[in-house]
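Heads up: the protein sequence lines correspond to chains Y and R, in order.
For the first sequence, this note's numbering begins at 284 and goes up steadily by one.
For the second sequence, this note's numbering begins at 15 and goes up steadily by one.
It is worth saying that the hints were derived from the structure and are not from the lab.
The reader is advised that the hints may include incorrect statements.
As the list claims (entries may be wrong) - Using 25 Å as the maximum straight-line C-alpha spacing, the simulated PhoX-like pairs for lysine-lysine come out as follows: (1) R:284 <-> Y:308; (2) Y:361 <-> R:284; (3) Y:415 <-> Y:383; (4) Y:361 <-> R:34; (5) Y:316 <-> R:284; (6) Y:304 <-> R:284; (7) Y:297 <-> R:285; (8) Y:297 <-> R:284; (9) Y:479 <-> Y:453; (10) Y:304 <-> Y:316; (11) Y:383 <-> Y:462; (12) Y:304 <-> R:285; (13) Y:306 <-> R:284.
What the hints assert, rightly or not - Computed footprint of chain R on chain Y; a stretch qualifies when at least three of its residues, placed anywhere within it, have a C-beta under 8 Å from a C-beta of chain R: (14) 342 to 351; (15) 372 to 386.
Just so it is clear, CB atoms sit at the ideal spot from N, CA and C, and this is done for glycine as well.
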Amino acid sequence: MADLNSSNNNKFIKLEGVSKKFKIKGGDFFALKNINLHVNYGDRVGILGRNGAGKTTLIKIIGGVTQPSSGNVVRQMKVSWPLAFQGGFQGSLTGLDNLKFICRIYGVPWKEKIDFVQDFAELGKFFYEPVKTYSAGMRARLAFALSIVIEFDCYLIDEVMVVGDERFRKKCEKELFEKRIDRTFIIASHQPSNLKYCNRFFVLNNGELIEFENFNKAWEFYKTL
Amino acid sequence: MKILVRNKIINFNDFITALKTQIRVIYALILREIITRYGRENLGFLWLFLEPVIFVAGVVILFTKFRADRGAAHFFIPIATIIFTGWLSNKLWMTSSSRVMTAIEANIGLFYHRLVRPLDVYFARIILEIVALTGTFMILSVILVSIHIINSPASYFHIVSGWYLMAWFTIAFSLIISGLNTLTNNILQRIWSPINLGLFIASGTFFLVEWIPPQFRPYILLLPQVHNLEMIRYGFLGNYMHPYYNVMYSVCANIFLMLLGLMLVKLSAKKLEIE
Numbered sequence: 284m285a286d287l288n289s290s291n292n293n294k295f296i297k298l299e300g301v302s303k304k305f306k307i308k309g310g311d312f313f314a315l316k317n318i319n320l321h322v323n324y325g326d327r328v329g330i331l332g333r334n335g336a337g338k339t340t341l342i343k344i345i346g347g348v349t350q351p352s353s354g355n356v357v358r359q360m361k362v363s364w365p366l367a368f369q370g371g372f373q374g375s376l377t378g379l380d381n382l383k384f385i386c387r388i389y390g391v392p393w394k395e396k397i398d399f400v401q402d403f404a405e406l407g408k409f410f411y412e413p414v415k416t417y418s419a420g421m422r423a424r425l426a427f428a429l430s431i432v433i434e435f436d437c438y439l440i441d442e443v444m445v446v447g448d449e450r451f452r453k454k455c456e457k458e459l460f461e462k463r464i465d466r467t468f469i470i471a472s473h474q475p476s477n478l479k480y481c482n483r484f485f486v487l488n489n490g491e492l493i494e495f496e497n498f499n500k501a502w503e504f505y506k507t508l
Numbered sequence: 015m016k017i018l019v020r021n022k023i024i025n026f027n028d029f030i031t032a033l034k035t036q037i038r039v040i041y042a043l044i045l046r047e048i049i050t051r052y053g054r055e056n057l058g059f060l061w062l063f064l065e066p067v068i069f070v071a072g073v074v075i076l077f078t079k080f081r082a083d084r085g086a087a088h089f090f091i092p093i094a095t096i097i098f099t100g101w102l103s104n105k106l107w108m109t110s111s112s113r114v115m116t117a118i119e120a121n122i123g124l125f126y127h128r129l130v131r132p133l134d135v136y137f138a139r140i141i142l143e144i145v146a147l148t149g150t151f152m153i154l155s156v157i158l159v160s161i162h163i164i165n166s167p168a169s170y171f172h173i174v175s176g177w178y179l180m181a182w183f184t185i186a187f188s189l190i191i192s193g194l195n196t197l198t199n200n201i202l203q204r205i206w207s208p209i210n211l212g213l214f215i216a217s218g219t220f221f222l223v224e225w226i227p228p229q230f231r232p233y234i235l236l237l238p239q240v241h242n243l244e245m246i247r248y249g250f251l252g253n254y255m256h257p258y259y260n261v262m263y264s265v266c267a268n269i270f271l272m273l274l275g276l277m278l279v280k281l282s283a284k285k286l287e288i289e
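Looking at chain Y on its own, in the form it has when it is part of the complex (with noise of 0.2 Å):
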């Protein structure tokens, strides 16, 4: 094991009792049960859950974008926003203007990140072009290289490696997984395939959360789902 910086010690992200319900048509739905999770620094976690298992939920609770309906989450380390999220990109806007909105609000100078941007999404000269002249693969390739502009201790994680065609999903795999193996990471996929660099395994199932000892046993689990 890489010997750990102590300050990245007492980082750990911490759900209790995390509960989600949705209004729906004739009473509560819930999409989350009672989740109770500890992620130190430096742990990968992988969460397997069938489609509707309430993945994207989980991911965006311990991401800060909703509220769980009761429990607390506790941040305590710098925790990204769900990676390579397409959305928030509005069509006027250059791959440039994207840029300089998230370095500003993150407070990270923007300058020194045009190069990077520019030459890992690909775009070329449609960097200073709007997003709406864009095509699918630009943008997700856009949004993923934003996502790794700003550097954090915590990768959420949602269904990945969709961005692009195969060799630039090994750009990103090297880029986040070889680069930066020392962070954390959480993972939700309903591929066992994307869990490769995972340690830790969960699936998650009816909003309920079981972690197992290895990828075998969770593996085993799914299948029977």
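Go by the hints and put chain R onto chain Y.
Chain R only, in chain Y's frame:
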């Protein structure tokens, strides 16, 4: 320094950090808003000022051409000054209250960033509106005074204080409207333009308080914006008019409305988060 908030001890430094973050976020949102609203082609953000300038210039010219005091020099009504001050001052809260109502929808994707809160989005739009109209007010004042269409100010102090109180009122009022709109599931948005227009006219845009019968004055003076407007007009007209305003009333109303606005935004933010 530690402060006790809702039984939690909050470090003063944490508060300063949070304040800095909020200012950073609002600044980023304002810059973003300027581009999304005005684009970067042709005059770009200059439209921020030109839009109201052209509008007010049109209205003032229209009213001075058909001024009521034509041919009756002894009965002087400074109609251009009244329209100019009334229109721009009341436009502050009128436009910003209607613009904040669409702020959430237009920026919904940004809430993926935990640091961006509904209050920041509201503030960005309100501040931009206030800055634009204040700029317009200053530019137009200079132009219109220099070509003798409106009276040269009798008291700058009254103009500045009145405008300041009006800007404060604009923030409080807009926060209330945006909060109520969210809490009523955007129903307010559908009926807001006629109400807004009615308020705009009732708030003395085209008349002085001294013109209305004494028995109705107390009712019109319940609206704090009328006090602010009277103050601004007094600054321009001086002894040409008898002003009706109470600074204490305006300040107290602003404090009360501001607290109410912040409370409603907090309630509505909770509602947005749950959805």
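Tested hints:
Among the hinted pairs, residue 284 of chain R with residue 308 of chain Y is consistent with the structure: their alpha-carbon atoms are about 21 Å apart, no more than 25 Å. Using a Cα cut-off of 25 Å, the hinted pair residue 361 of chain Y and residue 284 of chain R holds, with the two alpha carbons roughly 23 Å apart. Of the supplied pair hints, the one linking residue 415 of chain Y and residue 383 of chain Y holds, its CA atoms being roughly 17 Å apart against a limit of 25 Å. Distance hint between residue 361 of chain Y and residue 34 of chain R is fulfilled; the C-alpha atoms sit about 17 Å from each other, no more than 25 Å.
For the proposed pair residue 316 of chain Y and residue 284 of chain R, the alpha carbon gap of about 20 Å is at most 25 Å, so the pair holds. At roughly 14 Å between alpha-carbon atoms, residue 304 of chain Y and residue 284 of chain R fall within 25 Å of each other, so this suggested pair holds. For the hint pairing residue 297 of chain Y with residue 285 of chain R, the CA-to-CA distance comes to about 24 Å; that is within 25 Å, so the pair holds. In summary, the hint linking residue 297 of chain Y to residue 284 of chain R is supported, as the alpha carbons are separated by about 21 Å, within the 25 Å threshold.
With a C-alpha separation of about 13 Å, the suggested pairing of residue 479 of chain Y with residue 453 of chain Y holds against the 25 Å cut-off. A C-alpha spacing of about 8 Å is found between residue 304 of chain Y and residue 316 of chain Y, which places the hinted pair at or below 25 Å, so the restraint holds. Using a Cα cut-off of 25 Å, the hinted pair residue 383 of chain Y and residue 462 of chain Y holds, with the two alpha carbons roughly 24 Å apart. Distance restraint check for residue 304 of chain Y and residue 285 of chain R: the Cα-Cα separation of roughly 13 Å lies within the 25 Å cut-off, and the hinted pair is therefore satisfied.
With a C-alpha separation of about 15 Å, the suggested pairing of residue 306 of chain Y with residue 284 of chain R holds against the 25 Å cut-off. Closer than 8 Å: that is the beta-carbon criterion, and the stretch 342 to 351 of chain Y has 5 residues meeting it against chain R, so the requirement of 3 holds. Figure legend: the stretch 372 to 386 of chain Y, annotated as covered by chain R; annotation consistent (8 residues with Cβ-Cβ distances under 8 Å, at least 3 required).
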